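Whenever a hint applies, use it, and build me the whole structure from the sequences.
Each position in the sequence shown, counted from 1, maps to that position plus 35 in the working numbering.
Don't take every hint at face value.
Pair ranges (Cβ atoms, derived) [as the list claims (entries may be wrong)]:
1) Arg343 to Gly170: 20 to 26 Å
2) Ala61 to Arg171: 54 to 60 Å
3) Ser172 to Glu228: 44 to 50 Å
4) Ala61 to Gly135: 21 to 27 Å
5) Val163 to Val66: 54 to 60 Å
6) Ala348 to Arg196: 27 to 33 Å
7) Gly69 to Asp307: 27 to 33 Å
It should be emphasised that the hints constitute simulated quantities derived from the structure, not laboratory data.
As the structure is a prediction and not an experimental result, all values here were calculated from the model.
Built from N, CA and C at the ideal position, the CB exists for glycine as well.
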Amino acid sequence: MIATVLVTSRSFGSGAFDAAGALADAGYRLVRAGSAHRLDELAPLLAEADGWIAGTGPVTAAHLELAPRLRGIARYGVGVDNVDLVAAAARGIPVTNTPGANSAAVAEHTLALLLTALRGIPAADRRVRAGDWSGRSARELSALTVGVVGLGRIGRLVIERLRAFGATVLGADPWVDPSDPLFESVQRTDVAELASRCDVVTLHAPGGQTVIDERWLATDERPVLLVNTARADLVDEEAVARAARRGRVIAYAADTLATENVGETGSPLLADDLADRVVLTAHLGAQTREGVDGMGRMAVADMLALLRGAAPAHPVPA
Numbered sequence: 036m037i038a039t040v041l042v043t044s045r046s047f048g049s050g051a052f053d054a055a056g057a058l059a060d061a062g063y064r065l066v067r068a069g070s071a072h073r074l075d076e077l078a079p080l081l082a083e084a085d086g087w088i089a090g091t092g093p094v095t096a097a098h099l100e101l102a103p104r105l106r107g108i109a110r111y112g113v114g115v116d117n118v119d120l121v122a123a124a125a126r127g128i129p130v131t132n133t134p135g136a137n138s139a140a141v142a143e144h145t146l147a148l149l150l151t152a153l154r155g156i157p158a159a160d161r162r163v164r165a166g167d168w169s170g171r172s173a174r175e176l177s178a179l180t181v182g183v184v185g186l187g188r189i190g191r192l193v194i195e196r197l198r199a200f201g202a203t204v205l206g207a208d209p210w211v212d213p214s215d216p217l218f219e220s221v222q223r224t225d226v227a228e229l230a231s232r233c234d235v236v237t238l239h240a241p242g243g244q245t246v247i248d249e250r251w252l253a254t255d256e257r258p259v260l261l262v263n264t265a266r267a268d269l270v271d272e273e274a275v276a277r278a279a280r281r282g283r284v285i286a287y288a289a290d291t292l293a294t295e296n297v298g299e300t301g302s303p304l305l306a307d308d309l310a311d312r313v314v315l316t317a318h319l320g321a322q323t324r325e326g327v328d329g330m331g332r333m334a335v336a337d338m339l340a341l342l343r344g345a346a347p348a349h350p351v352p353a
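Okay, here's the thing in structure tokens:
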């Protein structure tokens, strides 16, 4: 019987690397499904899956119960907060990811969103199309203080780019040792202090925690621009929407929403009155040819190793 690999990543094989061909050449059958990981859609596919190259949707114990043949999960990306690692380990199902493959792509997208929101480009475009050539003044990035939450691969690449613009950078990450050489050029602080010191705060921490909430936003009324290319649950979207209406949040630019994988459009940040202050993209941060190819090569290589009973290069501990 030919082993089957279920693929639920939107961008799998969309770059120059023929990821699907690599699986086929190795003798495996590929089946594709949506990245939201809906149980009703995946149930019949998981029943026959020997491997799963998983997208951004949740991988829960309920999913794993439907997959009696599953020998491994290769997460197409770096984040595994949506994967129930404990349930996978209990079933003896190893999980891998693709660390570093899309870091540069996400860092560049972060700066793209930051500059787009800072200069009010979407609203300006709409005005010009309506025949209105009026404008508003903005700030230069070199004059701003930017707080970076999360100092892993992506956060550090964002810092490199911010420093090239001449911005003053503060870094917050309790897991990074104070003696790290990064702090020779970046001021070390904590998330709470960013509320009163920063013009911009950009999020690059793992999911599973709320960083920007009502309390953080109420600490100070200094206008702040928020950027989130990490995980939706890092912010309280209701609180951010309220803060945007009173001027505490001058703009929110994000590559994700809490409703991303549940098929809903009801985020408070999508309200019409916030359209000029909220800039959103559809989880596009990693979607460059280079990023897609890097994720594809790593995910396929680890999946082939798992299916052959070999040790993968990028295991994720439970």
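Consistency of the hints with the structure:
Take Arg343 and Gly170: their Cβ atoms lie about 60 Å apart, and the range 20 to 26 Å is violated. In this structure the hint that Ala61 and Arg171 lie 54 to 60 Å apart at CB holds, the actual value being about 56 Å. For Ser172 and Glu228, the hinted distance range of 44 to 50 Å is not satisfied, since their beta carbons lie about 28 Å from each other. For the pair Ala61 and Gly135, the supplied restraint of 21 to 27 Å holds, since their beta-carbon distance comes to about 24 Å.
Distance hint for Val163 and Val66: a CB-CB separation of about 46 Å, inconsistent with the stated range 54 to 60 Å. Distance hint check: the CB atoms of Ala348 and Arg196 are about 28 Å apart, consistent with the given range 27 to 33 Å. Taking the beta carbon of each, Gly69 and Asp307 are about 28 Å apart, inside 27 to 33 Å as hinted.
Hint violations for this structure: numbers 1, 3, 5, all remaining hints satisfied.
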